[in-house]
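A.B. asks: What follows is the residue order along each chain.
There are 2 protein chains.
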Amino acid sequence: MENFTFWNPTKIIFGKDTIPLIIKEIKKYNYKKILMLAGSGSIKLNGVYEQIINTAKSSNIILIEKWGVRPNPILSHAESALELARKEKVEAILAVGGGSVIDEAKAIAAGFYAQSIWDLYEHIYPISNALPIFTVLTLSGTGSEMNVNAVLTNEKEKKKWFIGSPLLYPKASVIDPSIQMSLPWHQTVNGAIDAITHTQEFYFMGSNQEISLSIDEAIIKTIIKSVDELSQNEKNYDSRANLAWSATIALNGLSGIALPGGDWASHRIEHAISALHPEVAHGAGLAVVMPAWIKYIYKYNEKTFSRWAHSIWKENSIETAIEKMKEKYRSWSAPVSLKELGIQKNEIQDIAKNALLNGNVGNIKSLSIYDIIKILEIAY
Amino acid sequence: MENFTFWNPTKIIFGKDTIPLIIKEIKKYNYKKILMLAGSGSIKLNGVYEQIINTAKSSNIILIEKWGVRPNPILSHAESALELARKEKVEAILAVGGGSVIDEAKAIAAGFYAQSIWDLYEHIYPISNALPIFTVLTLSGTGSEMNVNAVLTNEKEKKKWFIGSPLLYPKASVIDPSIQMSLPWHQTVNGAIDAITHTQEFYFMGSNQEISLSIDEAIIKTIIKSVDELSQNEKNYDSRANLAWSATIALNGLSGIALPGGDWASHRIEHAISALHPEVAHGAGLAVVMPAWIKYIYKYNEKTFSRWAHSIWKENSIETAIEKMKEKYRSWSAPVSLKELGIQKNEIQDIAKNALLNGNVGNIKSLSIYDIIKILEIAY
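These protein sequence lines are chains A and B, in that order. For the first sequence, the numbering used here gives the first residue as -16, with consecutive numbering after it. For the second sequence, the numbering used here gives the first residue as -16, with consecutive numbering after it.
Honestly, I wouldn't trust all of these hints.
Put simply, identical chains are the same to the list, so a pair is met inside one copy or across any two.
Taking lysine-lysine pairs in the PhoX-like style, the calculated list, with each CA pair at most 20 Å apart, reads [what the hints assert, rightly or not]:
1) K297 / K204
2) K154 / K(-6)
3) K27 / K357
4) K286 / K208
5) K297 / K286
6) K286 / K348
7) K282 / K16
8) K7 / K286
9) K307 / K297
10) K27 / K208
11) K297 / K278
12) K40 / K278
13) K357 / K282
14) K72 / K15
15) K336 / K357
No wet-lab data here; the hints were simulated from the structure.
Could you build all of it, start to finish, from the sequences and the hints given here?
C.D. replies: Written as structure tokens, this is what we have:
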């Protein structure tokens, strides 16, 4: 067991009919003018937007709306949102959407007090302050609603990088799983695979941290069970709710307690893939990369990978467990090879180079370019 | 899945050699004069006290010391500590000890702004404000280091009652599991049984909250495994650490997520026992009461009790699982009958009456005096 510090002050409001409560939270802080950040408009179809603007109006809160956040959010959009936030002198940001919207909100919140947003992602100077962030989550997966992390793509430089700071904990997040019932199936699956991957990034670092390893197994198994149930009935509320809360705690600090950090190689390689191929959804990329990474890396911490094979997949062989994992992902209609993502074999070197642009990749083993190429070849 | 709100802002600093860090946390808030609350002096033997006073001195923080908090802390001691806190105009409280010391610190913290401490426990008026609380935990079990609850005994009226308020979250708590290596064995066991019972108070309310039920199983199993390991080697750091963190999250909000509250009948009956018999340690009382309560109550939520029998004890029969639970507790040298606690059969009625003094007992089934007598007879 490693020493650790745990502090997570985000307030979570979870359940049916909770959307309007985010405005009450904003009201408690007495903020009057808010940047409302959103994606392409799905929140107009599921009634979320209407509930928010109506409650804001009756609470005398002005929402400055900024639409158009993309999956794999991009720097230029964050910069134009920041310009609006400064012009309108907003006091806080309300992100309404999935992890992309919340991540971009964090970029704007921290960028508000910086010379340039991208400097923060290059870690040229630290985050000194941030606008308060509130969120309404519409797609569970990234865990961004209850953590300090944010990923952003610099589309010109083809870099998908991240920031993290305790200043970026949302003040409050509303999670109403019932609004996720109308999601396209592949989005539910991508979110679930992202959350499984987050848990496993920590889990595979483990050895004797019994409580964290067994909680991580509980998270992974619950996500698998919930997605299986949803594949039968997408409108099963309890499955949506179990999946949603599992995804939140997969990356709110809990899953990595007393572990020596996470590995993050799978994430770093996926970020390289979607930096070069922005059309690849994060969860889909992870579905392809992590099984290949496990295959390449398990010999370096075999005891814990064996525990995983046994606990999650009821298998004594790690190799067979990997096949079962891929089979499961395939049964959810997720891609399990680079080819299925539309990537050419001759791009592998560029992806590997891109992954290494932002420093060391991997903790179980610090991966060389050769290692990453091998993993991508397995994934192909 | 029930709707829920989760908010827990306590900062946890966990691990070896972390004791002095509590003074750094106090320093961050710029508090200068602190009431240091402690028990009977064991912290002078294990070096904790010395580390704290030395760090406080070099940080120019004045500690007003108040010793003598008893297991099952009592109102009169809390009142005398409050008098001292007021006289010295302290700005915060530092509790150094187990759950009893932290609970009494919460009584003083809330009492500081009330007309009388006991009024708060009678719920005559709500807690309006509280002194900031910092803690150094020396015995894992109650979870008080990361929650809002506090139990206190009014020794004159023979009432062991509780308060709870978000104002009572400690600002920061230090948990160094290595200092628990020198605990008397029965204290380790009592703490562990308290934590198992906390988890089960929530767990047995469950139905379809897969993520919480499986996390609760992870907590219960980890505690059992850790105590078993410690019975072989009391100085096993990883077992101490796994037990300590499990006990914290058994009652920090996580274990009850999306469940319809907890049952708490076992706790309420135990509180009645130790209100009348202050020499009975809380964990020892729970070791006796909960198995009897399970035997009496399981038919009201048989599916979840069966799940527990299977998951924790690898048994299809709930009755056999209860026997295994008692056997396990016995193997740890915990008492498993009222008789072993030194209680006479003719006291059962008084205990049952005392349990009902503070309103309804039990959620799975609201227990009548007849029910409680039956449970106590099973426990005898």
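A.B. asks: With reference to the structure, classify each hint as holding or not holding.
C.D. replies: Results for each hint:
no., hint, verdict
1, K297 / K204, "both (12 Å within a copy, 19 Å between copies)"
2, K154 / K(-6), "both (6 Å within a copy, 16 Å between copies)"
3, K27 / K357, "neither (44 Å within a copy, 57 Å between copies)"
4, K286 / K208, "between (25 Å within a copy, 18 Å between copies)"
5, K297 / K286, "within (15 Å within a copy, 24 Å between copies)"
6, K286 / K348, "within (15 Å within a copy, 44 Å between copies)"
7, K282 / K16, "neither (54 Å within a copy, 55 Å between copies)"
8, K7 / K286, "neither (48 Å within a copy, 38 Å between copies)"
9, K307 / K297, "within (10 Å within a copy, 26 Å between copies)"
10, K27 / K208, "neither (30 Å within a copy, 51 Å between copies)"
11, K297 / K278, "within (17 Å within a copy, 32 Å between copies)"
12, K40 / K278, "neither (54 Å within a copy, 55 Å between copies)"
13, K357 / K282, "within (15 Å within a copy, 57 Å between copies)"
14, K72 / K15, "within (10 Å within a copy, 38 Å between copies)"
15, K336 / K357, "within (13 Å within a copy, 71 Å between copies)"
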